[in-house]
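Top to bottom, those sequences are chains A and B.
Under the working numbering, the first sequence has 241 at position 177, and the numbering climbs by one with no breaks.
Under the working numbering, the second sequence has 158 at position 155, and the numbering climbs by one with no breaks.
Keep in mind that a hint or two might mislead.
To be verified - Here are the in silico distance ranges between beta carbons for each label pair:
| # | chain 1 | residue 1 | chain 2 | residue 2 | range |
| --- | --- | --- | --- | --- | --- |
| 1 | A | Leu-345 | B | Gly-75 | 55 to 65 Å |
| 2 | A | Ile-135 | B | Ala-28 | 33 to 43 Å |
| 3 | A | Glu-234 | B | Ala-54 | 33 to 43 Å |
| 4 | B | Pro-120 | A | Leu-233 | 46 to 56 Å |
| 5 | A | Pro-291 | B | Ala-13 | 33 to 43 Å |
| 6 | B | Thr-308 | A | Ile-111 | 31 to 41 Å |
| 7 | B | Val-16 | A | Arg-104 | 46 to 56 Å |
| 8 | A | Ala-264 | B | Arg-10 | 15 to 25 Å |
| 9 | A | Arg-140 | B | Val-116 | 45 to 55 Å |
| 10 | A | Lys-232 | B | Ser-161 | 30 to 40 Å |
Stated by the list, open to error - Calculated cross-link-like contacts (lysine-lysine; reagent style DSBU-like; alpha-carbon spacing at most 35 Å):
| # | chain 1 | residue 1 | chain 2 | residue 2 |
| --- | --- | --- | --- | --- |
| 11 | B | Lys-84 | A | Lys-232 |
| 12 | A | Lys-232 | B | Lys-58 |
| 13 | B | Lys-215 | B | Lys-234 |
None of these hints come from the bench; they were simulated from the model.
Bear in mind the structure is a predicted one, so any value in this text is a computation, not a measurement.
All C-beta atoms in this analysis are idealised placements derived from N, C-alpha and C, irrespective of residue type, glycine included.
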Amino acid sequence: MSELEADKLVDGTLAWRAPPAPLRSRRLATALSNAWHELRKSRTASIGAVMLVLLFGACIGTPWLATHDPIKQNYRERLQPPSEKHLLGTDRLGRDIYSRLLYGGRRLVTIAVVAVALSLVVGVPFGVLTGYFGGLADTIGMRIVDGLLAFPGLLLYLLFVTVAQAWKLEGVMIDLVLVSALALAGMPEKARLARGSVLAEKQKEYVEASRAVGDSSVSIALSQILPNIISPLIVTSTVRLGFVILIVAALSFLGLGTPPPTPDWGADLSAARDYMETHPLIAAFPGLAICYTVLAFNLFGDGLRDILDPRMAER
Amino acid sequence: MLAYTLRRIAQLVPVLLVLSVAVFAFVEALPGSIIDTLVGTEGGDIEEARAILTKEYGLDRPVHERYVLWLGRALQGDFGKSLVTRRPISTELLSRIPATVYLATVGIVLSMVIAVPLGTFAAVRRNSAVDYTAQVTSLAGISIPEFWFAILCVLLFSLYLGWLPSSGYVSPFEDFWGSLQFLILPAAAIGFRQAAFTTRLTRSSMLDELSKEYVDTARALGHSERKVIFKYTLRNAMIPTITISGLQLANLLGGTVVLESIFAWPGIGRAIFEAILQRDYPLIQAGVLVLGCIVVVMNLLVDLTYRLLNPRVKFA
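Based on the sequences and whatever the hints tell you, model everything.
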């Protein structure tokens, strides 16, 4: 083989190696623009999207939308029905329910989004790497995941919250502990999904090609395989967001969330229980707010799944 | 099958070890020492009491020795004594498990009674009004927080209509009909929520089965539609439904905390919740460990059953 030919071969390899990257980013861009286009076709997804836009709008615009200080008590105006001054009435301490809902929602949605983002950041590389390397790393990694999944229901969160309480943590620190617990509990799902996809993708030719030209294993796993599993991750994360909101609400309903007077849908709902017989509306609003939020994420996630996974859409 | 079963059982060991380390680490992560809590309640000569208790709880030893000691005792069912009631923790937990199993089982059975016919009908009459209603209802069911649903049920059936007690528990072995009264509301709260999941699952796996070729063959052979659905497709479609319901049942054993506290149901979830409020750390530790073990074992049983029901799955 002459030197010229060898050069050609290297060039050829390089030229052959180059396309996958722009192809994939273009594929992602196309997928996203298609998704945007398709979004209007799926009724479920578009309803969910509109509900989410309203929700995020309310969360961002809370300081301007709120009419009262959410924690200011006013005993002269306790337990009032909805009126012009108090759009949704007042609670047992005379606080404006509408403003409390806004601030509570802002906090709840932020916690859920941060928690799910964190579970992706931890879970996906974890799953991709264990799946890619296989062997002992895979065995150990998956047993850790199994161990995390062995905590049924709320128990993992209860442990974290107990430790937070015992350390007498306050304010943001409690939220941080909660977020880490939620991220840890959400991690196995993402890790397993990522691992499964990696095991399937690993055999494909483009991975072999990258390896042949000398890319490092980690860079192949993270930069080549990862983009291929984005759509199932988006769908599960959206649905997970709704689920996380239910968990956080349940914990604060039990009195294990941020202590009063912080506006909190679950805690407000729990406090309203004592007035349920005489003032059922007070308990209705936080409950409806939770339903709306979870439904928005579920609708959007369901619709997205139909759009991004054509096999499911046939159903 | 036997080799597979044995391998799966062997795999349980590291999982249970991870679980036990996590649960042990939880108590280690608490500030101060367990002795502070104990001395606080005992009074008397504090220094002497501290020394005796430190020895009794083995706190003068290094962490890894304590872990091994703790695990060894736990394996024999000895979790120590509750800090609050001073009764053995194993007794406390054992007395609470039946109520939770009772509630979770009835809830899951109820959910399947609702979901299987509904999901099947929705799939068979696809895009009909029934299908549409089933889908919307199940989506709503998934989105409603169970504690809110439970409160609304209490409001309607206990406070307004006065048909059912709002909370409490009677053992079914003492007074079966009396216990049903208390069971209906919490079991319905679990049942409806689980039914929302199961309906979706049944519908989609039924649709999956109906699109397969053997269905066309059966129809071409002139079998009635009823026979095609009930004898062939439903049986296959039930496999994922049963599997998921089994996993949900395991999960519910630790997931009924909220409902147990709303309905004053003396289950294990509420025992752990109360232990948290009273800072009864050994009880929390033991409770989580026991529930975790139950879940792991149940998951294994569900998996093995799945493979028995569905021989097509390879024993990888």
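Quick rundown of the hints versus the structure:
1. Evaluation of the 55 to 65 Å hint for Leu-345(A) and Gly-75(B) yields a pass: the beta carbon distance comes to about 56 Å.
2. Against the hinted window of 33 to 43 Å, the Cβ-Cβ separation of Ile-135(A) and Ala-28(B) comes to about 36 Å, which satisfies the hint.
3. For the hinted restraint 33 to 43 Å between Glu-234(A) and Ala-54(B), the CB-CB distance of approximately 34 Å keeps it satisfied.
4. The supplied range of 46 to 56 Å is met by Pro-120(B) and Leu-233(A), whose beta-carbon atoms lie about 49 Å from each other.
5. Range check, Pro-291(A) to Ala-13(B): about 37 Å between beta-carbon atoms, so the 33 to 43 Å window is met.
6. A hinted range of 31 to 41 Å for the beta carbons of Thr-308(B) and Ile-111(A) is consistent with their spacing of about 38 Å.
7. In this structure the hint that Val-16(B) and Arg-104(A) lie 46 to 56 Å apart at CB holds, the actual value being about 52 Å.
8. Between Ala-264(A) and Arg-10(B) the beta carbon distance is about 23 Å. The supplied range of 15 to 25 Å therefore holds.
9. Range check, Arg-140(A) to Val-116(B): about 52 Å between beta-carbon atoms, so the 45 to 55 Å window is met.
10. Between Lys-232(A) and Ser-161(B), the C-beta spacing of about 38 Å keeps the proposed range 30 to 40 Å intact.
11. Of the pairs offered as hints, the one joining Lys-84(B) and Lys-232(A) holds, with about 25 Å between alpha carbons and a cut-off of 35 Å not exceeded.
12. Distance restraint check for Lys-232(A) and Lys-58(B): the Cα-Cα separation of roughly 28 Å lies within the 35 Å cut-off, and the hinted pair is therefore satisfied.
13. For a cut-off of 35 Å, the pair hint linking Lys-215(B) to Lys-234(B) stands: about 15 Å separates their Cα positions.
Checked against the numbered hints above, the structure breaks none of them.
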